[in-house]
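**Student:** In order, the protein sequences belong to chains C and S.
Quick note: the first sequence uses the working numbering, first residue 850, plus one each step.
Quick note: the second sequence uses the working numbering, first residue 4, plus one each step.
One should not assume that every hint holds.
[To be verified] Straight-line alpha carbon distances no greater than 35 Å define the calculated DSBU-like cross-link-like pairs of lysine-lysine that follow: (1) C:K940 with S:K124; (2) C:K978 with C:K1003; (3) C:K978 with C:K940; (4) C:K978 with C:K935; (5) C:K940 with C:K1003; (6) S:K124 with C:K990.
FYI, nobody ran anything at the bench for these hints, they're computed from the structure.
These numbers were taken from a predicted model, which means no experiment stands behind them.
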Amino acid sequence: MASLLDVRGLTKHFPVSRTLREVARGERPVVRAVEDVTFAMDQGESVGILGESGCGKTTTGRLLLKLVEASEGTITLDGYDVRALKGPDLKRFRRHAQLVFQNPFDALNPRFTLRRSIAEPLLNAGVPKGEWDDRIAAVLKRVHLSGVSDLMEKFPHQLSGGQLQRVVLARALILEPTFIVADEPVSMLDVSVRAGILNVMREVRETMGLTAIYISHDLALVRYVAPRTIVMYLGKIVEDGPTDAVISRPLHPYARALVAAVPVPRVDQDRGALPITGMIPDARNPPSGCRFRDRCPYAVARCAEEVPALRELAPGHRAACHLL
Amino acid sequence: MAEAAVAVPAAAAGRRFRLPKIDPYAAIGLTIYVVFFLVALFADRIATHDPLEILFDDDGNLLSNVAPGAAHVLGTTNLGRDIFSQLVMGTRNALIVGVSAAIVVASLGTLVGLVAGFFGKWVDTLLMRVADVALGIPFLPFVIVLAAFMGAQTSNVVIAVALLLWPNTARVIRSQVLTVRERAFIEAARVTGSSTWRILFVHVMPNILPLTFLYGSIAVGWAILTEASVSFLGFGPSDSISWGYMLQDAYGSQAMSRGTYFWFVPPGICIILVVVAGFFISRGYEEILFPKLKD
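One chain only, chain S, in its complex shape (with noise of 0.2 Å):
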């Protein structure tokens, strides 16, 4: 009996795990994603410089717009910062704000989809047209309203995204309930005298938790692409290295006219990177959730 216990885990992971590695879409998001992820992870061995630090050679001079060579991988800013260390350090902060508004994005708009759907009625007319109000509000007026009110600082940034991002995955959960909800299995849990909330999330939340990653995994280009914005915009935290910053840095020194594009093409191909990420990864779970589309 202790054998069967442990097959079951595995087998259930099996079958979960099979499909995303078939499909190539997937599997490029997802090998973005991790690269990203390493980086951010080991971002303090990777960098060789402080990213804030104003570097001056053995002689006292500034290390101004060094070109890209061994001592400076992408060269320096005009302020004798090494380019490189920011793009690492970036990273990192750009999954921070990534992950963690992806992670409360998926959250409420999974629970919020799960009850809506469930119970229906007047609770599903309430929750929805709140999610109505949400995606009327404009996406970068709004973030930038609450950095300004509330302090331009990174979890701002995060409640910003989630508060504009949940609808559009509760919308997305809700009509996936209201079809597994009416599957005789469903009926099935309530005659063997399940529970309600039993129901709801033992039954029905497993059936729907692909769309949660999906709907997840698109959150995190989502906001990192905010983050950046709002922080080229120049209403992002000032004491941390992000790609915005960067790109902000870069273009308030006239970098583009100075000619030095190592400075800011490569965070904006990070950008560029995890957000097609996203996209390859949805495209991928798309296949799986609807075959039918690959034909």
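Here chain C stands alone, though its shape is the one from the complex (with noise of 0.2 Å):
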């Protein structure tokens, strides 16, 4: 199986300034924000990566665009090593693999017109100039912006935060990119705005044939965009699989959690305690063996002994704990 995106043991650890103690002792402790953490993505597929504030979900899809410089592991994306890659093949990789950003209020220059931060890409890439309106053009078309009058003259502080995102997206797009990583693509927007912007990612991942990595703590956004789910808690992968088996039959415990905390639309509803208490450990520190068991209501002695490997327990659905 050729994967398009084919990640092992990718492990991001971020040096915290030392103590006068540590020091002493020549200790360098680290925040372990991402812990060897394995997937494989096939061509045009898309992923959701889901978990709380914290989980390295976030700092995955920097690593995965080379935004930061990960600790150990390996990341091929379609041929390119990614870890390895300077000059001008960085400069080519950053042509097929792009980011839409959680804030559009500050992902745009705010000295910038429209038309210059969606030509940029253009600019970095060498498109000739004779090029660019009519690359503008089909890309604002894509996005569904292309009514809008003179809008491409405007600074961003003129348009509102639907606009915002999709001209953000449209700067992702305008190089067509084979790989895109949509980090949280709507939490800043109004509720009635979300469902336009997902509707537009949707159609143009099934047009361009992208592949992509939505980003997000909402399990009914992944839902909505994602056939595949991968589940992170603590900088781990715990469960990985088809997003409807992940809502239908959670396997690891930390999934059926998050699944059993979604907001039911019925305030009468008899909905039973949370199956975990407490707050997500200190990742300079976290728990010996897995990560979950201070949490889990199912911990055994062995789970503060052995981490847990993700194993492959229904056809493409992983999980990563000792009782399954």
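From these two lone chains plus the hints, build me the complex, please.
**Tutor:** Rendered as structure tokens:
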């Protein structure tokens, strides 16, 4: 099977400032943001990475795009060894892999007109200026922004969040990438415009044959856009499978808790207590063995001693738990 | 398409120059600068006499300590020189010192601040420690020593001011760069393939340029004040007239005890006005950069 993206043992440790005692002992404390993440994606597949704040999902996205340098592991995208890229190769890679930002109000240079922001990738990729207008018009049509007159001469503060996010999307798509990471693409937007953006994203992904990763904390969003879901907890993948299966038959206790925590539109419904309590632990000092064990209602002695491997428990459905 | 290409810079310019007009402080400061600039530009025509010429009346008597009047707007010095002409020519000298020092301070400070803030790590540490050293040097003694060693020239005053004032600009620019570089649009520039230098100068720099102008305008006042101080102490260039030279001349001639106020009050007021103008502009800018300060 030829995967477009192949990630093996991806690990990112961020160094943190040391106390005097740690300096004296020669210790180098790190935040273990991403630990031993392994997965593969086929051409045209779209995957949702699901998890709460601080679980490493955003860092994973940044690592895949070489915006953050990995500590360990390999990333292969479309034949590129992403970690080794530099110079002209890195520039070529930038044309194929793009990012859609969480906060459209911050993702566009406030001193650039929208035309300049959208044209920036064309300039960097060395596209001849004569082609710019056609390509901008084409990409605006793709994101359904072409009807608005003289929009391109405006500055970001003159637009609404929904429009801005379409512009951000247009900038990501203008070089016709093959791979795109969308980091919480609608979480900063009003609920009323979210569906519009998601529909546009789904549409362009289908027409352009994009391979896409949606990073989100929102199960409903992932279900809407991605047929496959990866659940992360404290830097590790705990479950990876078809979205329908992850929602209807979650395997890992954390995934079960996540599904159970989704609000239901009936106020008086009996919902049973959430199966987990407490807070996500400090990533500087994660629990030994299974990282979820101190919040897991089913934890046994083995969970503290042995790191659970991510095993395939059903076709295309993996989970990392000793008890399954 | 040609229309659009023209419209972009116009819109950008409108955005950039709209704000200083609104703030009354900035408007006052700018007005003072503009007036002095015009005086400096047309100093040759405004001045009624050669500022260093010793004047005699038709009978060959020295025109010493003439009271202000029609012939001599601000009177003459005790050596028979026209004070108004000195003031006007001194404006030109003051602005040359002020503006050239400000340009050096603003560009050096901005460059250092950009590089230090953007690249961080040892580059940042090195540049900021150098800045600390420069900040620790006492201002006036340094200028005097420099003038003593390198000669009492206008250019040396500019060099001294530039060497001592760039760290203030660099520090503020650096801290601003530290926040700008974490913004998502900088990451967007990276992910769309912009080179490091392009990110630094095309994406980051325009967002800190208001601060550059602000510190440049403060430096104008500082440089003029320094030049005046050095000249007053007698370490300034002796071949050209400046406000500080006028004050020193008046002081040395006991103008105060003679009561010839028209000799030393006008240059003093000019120095105050220029320094205050720099402060007013910075105040106006402050409210633009940090609108919350108004409340």
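**Student:** Decide, hint by hint, whether the structure agrees.
**Tutor:** Going down the list of hints, with the structure as the test:
1. C:K940 with S:K124: holds, 25 Å
2. C:K978 with C:K1003: holds, 20 Å
3. C:K978 with C:K940: Between C:K978 and C:K940 the Cα gap is close to 19 Å, so the pair holds against 35 Å.
4. C:K978 with C:K935: Distance of about 26 Å is within 35 Å: holds.
5. C:K940 with C:K1003: holds, 28 Å
6. S:K124 with C:K990: violated, 44 Å
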